[in-house]
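Chemist: Go by the hints and put chain G onto chain P.
Number of protein chains: 2
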Amino acid sequence: MYGLITHLTAHPGRRDELGLCLLDPNVKRPGCHSYVVAHDLDDADADALWVTEVWMSKAAHDAWSADIRESGVMRSALALIATWGDTVFTRPIGGVGL
Amino acid sequence: MYGLITHLTAHPGRRDELGLCLLDPNVKRPGCHSYVVAHDLDDADADALWVTEVWMSKAAHDAWSADIRESGVMRSALALIATWGDTVFTRPIGGVGL
Chain P
1 MYGLITHLTA HPGRRDELGL CLLDPNVKRP GCHSYVVAHD LDDADADALW VTEVWMSKAA
61 HDAWSADIRE SGVMRSALAL IATWGDTVFT RPIGGVGL
Chain G
1 MYGLITHLTA HPGRRDELGL CLLDPNVKRP GCHSYVVAHD LDDADADALW VTEVWMSKAA
61 HDAWSADIRE SGVMRSALAL IATWGDTVFT RPIGGVGL
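Residue numbers (full-length UniProt numbering), protein chains in the order written: chain P, 1 to 98; chain G, 1 to 98.
Chain P on its own, in the form it takes in the complex:
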């Protein structure tokens, strides 16, 4: 498996809109076991989102990335992102809900 933990900052006041765009049910993620979008608890950082992902493999994730770049289906979401924090890349070994 292949995992990513990413801290995103939306343009001021646009976090909720960005969250909904990332969760657009029209965006399919084949090979994705888990994809969670979260706000900072208590809105300590009011424009931040945390995205945690588990994919079947890096290849599945990379194929999806290439696909969305080509289709432009996430263009509206990408336009709402002010900064991408450093992504942590992981190798999930197991757990609940996978």
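To be clear, the hints were calculated from the coordinates, so they are not data collected in a lab. Hints are supplied without guarantee of correctness; some may be wrong.
[Unchecked claim] Straight-line C-alpha distance at most 20 angstroms; calculated EDC-like pairs for lysine to aspartate or glutamate:
{"no.": "1", "chain 1": "P", "residue 1": "Lys58", "chain 2": "G", "residue 2": "Asp42"}
{"no.": "2", "chain 1": "P", "residue 1": "Lys28", "chain 2": "P", "residue 2": "Glu70"}
{"no.": "3", "chain 1": "P", "residue 1": "Lys58", "chain 2": "G", "residue 2": "Asp40"}
Modeler: Just chain G, lined up with the frame of chain P:
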């Protein structure tokens, strides 16, 4: 929902053992929607684990924490942890696999 993203460091060389302890199927997590244990990809940090969690509520998580403290069921896991990095507390809004 209530989420946690935690960076743990095991005592040197004990990471794999710690990962297995955290995934012990005898440890039940009522109200836990997602619990993922991951290594650093490419073992850049060879003793590190990332634990990402989504619970039904903070109350469900806190009840579980109190329960494991009382039962001692995770004592062996806790003994393998050298340091706890800062935990990020989140409010998950949705996603795949919840």
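Chemist: Run every hint past the structure and note whether it holds.
Modeler: How the hints compare with the structure:
Using a Cα cut-off of 20 angstroms, the hinted pair Lys58(P) and Asp42(G) holds, with the two alpha carbons roughly 12 angstroms apart. Straight-line distance between C-alpha atoms of Lys28(P) and Glu70(P) comes to about 14 angstroms, which keeps the hinted pair within the 20 angstroms bound. At roughly 14 angstroms between alpha-carbon atoms, Lys58(P) and Asp40(G) fall within 20 angstroms of each other, so this suggested pair holds.
Checked against the numbered hints above, the structure breaks none of them.
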